[in-house]
Amino acid sequence: MPERPSVDGLETTWLGAWEDEGVYRFDRSTPRAGVYSIDTPPPTVSGSLHIGHVFSYTHTDLLARFWRMRGREVFYPMGWDDNGLPTERRVENYFGVRCDPSLPYDPSFTAPEGPVPAGAQKRSISRRNFVELCVALTARDEVAFKDLWRHLGVSIDWSLEYATIAPSTQAISQRAFLDLLARAEVYSAVAPTLWDVDFRTAVSQAELEDRERPGAYHRVAFALEAGGTIEIETTRPELIPSCVAIVTHPDDERYRDLVGQSALTPLFAVPVPVVAHPLADPEKGTGAAMVCTFGDLTDVTWWRELDLPTRALIGRDGRFAPADFASPAFPSRDPEVAQAHYDTLAGLTVPQVRASVVEALTTSGALLEEPRAITHPVKFYEKGERPLEIVTSRQWFVRTLAHRAELLARGEEIQWHPEYMRHRYRSWVEGLNVDWNISRQRFFGVPFPVWYPVGSDGVVDYDRPILADPAKLPIDPSSDAPPGYREDQRHQPGGFVGDPDVMDTWATSSLTPQIAGGWGTELFEHVFPMDVRPQAHEIIRTWLFSTVVRSHFLHGEVPWAHAAISGWVLDPDRKKMSKSVGNVVTPMPLIERHGADAVRYWAASGRPGADTAIDEAQMKIGRRLAIKLLNVSKFVLGLLEDAPTGPVTEPIDRDLLSGLAELVEEATRSFEEYDYARALERVEGRFWAFCDDYVELVKLRAYGESAAPASVESARATLALALSIYTRLLAPFLPFAAEEAWRWWHEESVHRAPWPSTDELAHEAIPAGSVLAPVSEVLEAVRRAKSEAKVSQRTPVAGCEVAGPADYLAAITAARGDLVAAGSIEELELVEASEARVVVRLATPS
RNA sequence: GGGCGCUUAGCUCAGUUGGUUAGAGCAGCUGAUUUACACUCAGCAGGCCGGGGGUUCGAGUCCCUCAGCGCCCA
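Note that our numbering has the first sequence beginning at 36, numbered continuously upward.
Any given hint could turn out to be false.
[Stated by the list, open to error] With a straight-line Cα cutoff of 25 Å, these simulated DSS-like cross-link-like pairs (lysine-lysine) come out:
id, residue 1, residue 2
1, Lys-611, Lys-418
2, Lys-319, Lys-414
3, Lys-655, Lys-611
4, Lys-663, Lys-734
Hints are computed from structural coordinates only; laboratory data are not their basis.
Let the hints inform the model, and build the full structure from the sequences given.
As structure tokens, this is what we get:
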């Protein structure tokens, strides 16, 4: 025990000891019922650490430490999500490379020393070479992340580490894909797909976000072939060449007679039918809208339900593709004019075509009035910079729409913390409108384990995929040949081609219980279904939902019993932190400045699900709490040294233990309900009162100089027991300080010590507060008198008269010695009265 | 447009099923001071519990309504 205890440097001491002793090691032989398993979120390894990580991982660690002390064997793995776009972009810029999946693997390729200067010519490399660079770069970042987690004292079993790009993970992801394919719950289809023209990949509904963007309504006249015109309003006039119909509401009297007629598109003179559909909004614009292939998701619905033709023009690069206005696809009544005009548009971007078309519409008189500027929501890929387009392409989809009701029922099976978060899941599932697209036209991810046969005519048959041998997973169809084929048959008539795409990040991270839990091995039976999924609320619709989907299909049950949803960390002005705003706080300096326990204390005081502002003042309070624990431990242990302890006999001591039993019950219940913040608040409050009141009251007795031996031993026994209980109650929150103090008198780690139970506090029961409350009240009156007289608390009290009912006085009598000693009361007089009252007479200064 | 959450002391927040005088910490103010702790201790002050209406013997808590803030979904 040091002379002057300090919280500085405790991290270094105990991190090493925990590792050496294997304190957090998971015992794989434990039966499922004895295990508490955690589906740890694998953070995106993309360079920067964020205080939000510290916040939410602390919450999970509090649960882990509680359940471990409660005797559960805690399965607490750690994963890294290195798949995906953020990594790809960093690799491209850092190494100055670009992935070209058509290139063969070059085993002799060595990475250039990064980072290369910005703007340098990018070198094309094969997918496998590219993936190797991604792996190398993320490996470096993972070291920094791991360092942070360790310094924060997160009680992860680091032997359970996984990465989403690791071969074993890819094997599980591919196996799960083949499993879904065998059940026909995944299918490939050529379909209109949300498309990011910069990343050149499809994106899923879950990755969309609406952004308010300026736009304008353009009122445009379409000539009717039978004579007259019909007017529509559109925000996307550039899509007029893609127009396939004009739609009105079936009940709209204004257009009832026009339905069935044929209109001609302005500028291009392509005939389009006037049709009726209930999704047309009579209140919007003129009540008539043009249907294009494709301007938005409503167009897709109209196109599908009204069986309209396809005139897709926007290509995967976001530019208008060439089109033939004399062909059946674009049957212009005036092909020459149409073609001449369109030829000036082909190859241009969306904004360029819009400007050109508006100009032409104005010249031709089809634009009826000045465009009306508006602000409207536009769909973006959440990581994208330009509005999404809808292009038709072949994609793999997981069937979710057909299982909506079952998936809603799964959501009801989960216990949500906080409870109201279940609404987020429900509203997301209810709002699903397309199946889950899991194909991405990217490179750094898990490839689809399929190839396609090439006919003797050279045509690829996508409807009869060649599946990988499950025993050979993982495979990469771009460098491995399918069963029964040779590599030299790739791209040859009678040969094969590999599926060029990779899976969506969520298609793999939706399998974290299977990945971490070792699906297919014995371990899985010991940990699955898991106890808890901790995560942030903004990814309920992605990670949480997709994990439920996979578990529903693979195992027919929910993947975990509980979902513990963390809030966000806000900056001190209560604004959301984001890179673009530049208010992101990096956590390591905070840990260095205040200590890990202090930062954890701040995180632990954020209630489950509540967005919480970063608050260094709160960290300072946590630091004080840790220091207090060290100091009171030193003091109590100093008193106890070699002194005998006996049974707890004194009423005031028994009262303290009764109160402690209440506290243990409440803290335990709060933790069981996932409310760590409440547990902390109660424990902390009682702990300070213990230090300031109880310890002050009994310390002179515990010194053993004047009191009877039995009462001395009672005080010492109570102090020792209370200290032990408080140290254990605080251990999840302050793992470093609690461990330090605990090891001054224990061999084993506090983090494997049993969570306090009321059994330990068995004593001759006495109602909590029956003695301590009146005594504290009198002590407080004494302190107030001294404080108001501006004298030292050590000033003797010449006389103190306590009036009150008989039981009140009995309580005072029961602790008379302690009270007189703590208050330096020379003469204590008790007077029976109906109301409690305390009169303090200080000694006159001599 | 639908849904969810929040609104309590200057600040950050507690306040279980309605039940004494609404709590804590921080900040503020007044003091103490060295045999655990100045990274301390004691004390004081500070609230129309967002507005309005209702139910009730009794409402911060339940119901209705309005307002503001934030989020989710469309």
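Which of the listed hints are not met by the structure?
No hint contradicted; all consistent.
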